[in-house]
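The listed protein sequences derive, respectively, from chains A and B.
The numbering used here puts the first sequence at residues 1 to 352.
The numbering used here puts the second sequence at residues 1 to 352.
Think of the hints as simulated: they come from the structure by calculation, not from any bench.
Owing to the predicted nature of the structure, the values given are computational and were not obtained by experimental measurement.
Fair warning: there could be bad hints in the mix.
Said to hold, decoys possible - Covered stretches of chain A, as calculated for chain B (at least 3 residues, CB under 8 Å):
id : region
1  : 82-90
2  : 210-216
What the hints assert, rightly or not - Lysine-lysine pairs mimicking DSBU-like chemistry, simulated, CA-CA at most 35 Å apart:
id : chain 1 : residue 1 : chain 2 : residue 2
3  : A       : K47       : B       : K312
4  : A       : K44       : B       : K47
5  : B       : K47       : A       : K47
6  : B       : K44       : A       : K47
7  : B       : K312      : A       : K312
8  : A       : K312      : B       : K47
C-beta atoms are modelled at their ideal positions from N, C-alpha and C, and glycine is treated no differently.
Protein chains: 2
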Amino acid sequence: MSDFWTPRVRCLDPYVPGEQPQDQQYIKLNTNENPYPPSPAVAKALKACDSARLRLYPDPESTALRAELARRFRLDPAQVFVGNGSDEVLAQAFQAFFQRPEPLFFPAISYSFYPVYCRLYGIEARPLPLRGDFEIDTDDYRGECGGVILPNPNAPTGRLLPLDAIERLCRQQPQRVVIVDEAYIDFGGDSAAALLPRHPNLLVIQTFSKSRSLAGLRLGYALGSTELIEGLNRVKNSFNSYPVDSLAQIAAVASLQDEAWFDDCRQRIIATRERCAEALGRLGFRVLPSAANFLFARPPGGNAGELYRTLKARGILLRHFATPELDAWLRITIGTDDDMERLLDSLAELLD
Amino acid sequence: MSDFWTPRVRCLDPYVPGEQPQDQQYIKLNTNENPYPPSPAVAKALKACDSARLRLYPDPESTALRAELARRFRLDPAQVFVGNGSDEVLAQAFQAFFQRPEPLFFPAISYSFYPVYCRLYGIEARPLPLRGDFEIDTDDYRGECGGVILPNPNAPTGRLLPLDAIERLCRQQPQRVVIVDEAYIDFGGDSAAALLPRHPNLLVIQTFSKSRSLAGLRLGYALGSTELIEGLNRVKNSFNSYPVDSLAQIAAVASLQDEAWFDDCRQRIIATRERCAEALGRLGFRVLPSAANFLFARPPGGNAGELYRTLKARGILLRHFATPELDAWLRITIGTDDDMERLLDSLAELLD
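With these hints in hand, go ahead and build the complete structure from the sequences.
Here you go:
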């Protein structure tokens, strides 16, 4: 603690991302990265860049990228906001819409960055318990609040809410913004973007980090009514006029233009996930149904923490959350078929 | 105005960056970009990147880049913070150190983003008038405050404070953080980084956008005591764990390793600036002494706004601030010798 820090900064409890060890090569199944490279069109577009152009600021409006996203989602470009990764987009949305006297509703088990943003912006957090089998009940999200946020599919459980449940949330809170954080939607869900024409209070946030294999370039975006996007732009332009660099803008456009690659990668990941879920079941794991690029699974015996450590020592990284509700579970990112086979072999051996 | 926006967002008055017109080719002397490309080592490092690696998150700590900066400034890596452009670093520093009940001191004429950050974070702004010839008098920065920030050299004036004046500011406010925003320091000033061993309340912020020709990649950094850097890390890790993308980290390291290129570019810009200042003087301009990559100059007759518009129509972009104090002045970025010759020719013709 330092006297130079403001009172709020002293109270922060910063987010701890999954390990990114630089010491050795792991089979990295801990941060939900995509096992496949981005589209070859990305490599080609980046190689074609003239680095002399980097002397100039990027387009502060990311015009070409927003136009491409608008086309993909059949929206107006004024309904699209882009930022330096979806974490930044989320942070700015918290500031634009949730910094209010009333508490923010979100599932008690969800993305652990949400309570961190609440502390950063002085927002009262109201985490709402899940029901049996980690299910979200939309009835719990009635009543006075400053807004609603939830991941769909949820993290780290992978469970998906159908669109009618999302629509119910929007209808229950017409005066407040409802954010659906769709980082994993491309692995098996329907995007709430389809609901945007009917719900001006709905904001959908997606990322290039997972289904588009561009975690290294930091690209996220929000889709919503023009008034919500204008609110985000007011915050962005009071923080950093140029959040998305020139190379990231170019790579993102190239990625969006190769739908075949995108579809192929996500179909492969979905197929691997389903095979892996069955195999884990045969090993005695309890596996939640997942619509994401990860599985949330409870090993037989329940000693997930020890299993995590043993696997790490063998060069396989999973994610383990050492909290009372999640301590018995492991979150397993879906890698290549080879990655998963090596994991399953190790598990079979360790559980024998 | 939308009811979905929080009260604070409704009160924002976002920053307006210099124009980045995409419609035609301009001689762009309006946003203080470097006229020379980044080091060829940057191009080489980027070409060598395997874009398949972009599927992985970047190093969240920017370890290699911070080590390289630490070496350059003879600091410990724990004294270095990096962010997505120096605007982001500034924003996070405002939040980490200035969000207090007392007002923030800064020069009334300086970087126009400072009052914008104040609104974003609910900080009372106390802009302090400059003295004759746009000079900063450190005596004005005594008294109770939440912190002090100033650009050195100042923008848009280009005027430089010597290090003993910076040291006086640090001594006058030992309980508060003093930020020196050195975006332009490489064009003729001494960095306050030399004062860091004696002043734990001093934070020095620099950028790769100007002297290193990497505005397109968004890279800024702060240098300070470990307790100040830890405060910044608490904010960063409550906002976005991975602010600097993989390609930007690689390019920045390559840039730092080519000191010869860096020195050559800035010496050329300084030489062009001095020649241009003399030529403007001959045309009847009043030109302030500048230690930056721009000149602040008052055209004869004082109709700077009209001159700005006429030059824009001719394909030459300067920056004009339409405020009562600055309305008679133009800020002219130093381009190549060719750029400046074309500007001077146009001016000679227009003023004839």
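Verification of the hints:
no.	hint	verdict
1	82-90	holds (count 4)
2	210-216	holds (count 4)
3	A:K47 to B:K312	33 Å, holds
4	A:K44 to B:K47	11 Å, holds
5	B:K47 to A:K47	6 Å, holds
6	B:K44 to A:K47	11 Å, holds
7	B:K312 to A:K312	61 Å, violated
8	A:K312 to B:K47	33 Å, holds
In summary, the structure is inconsistent with hint 7 from the numbered list given earlier, while agreeing with all the others.
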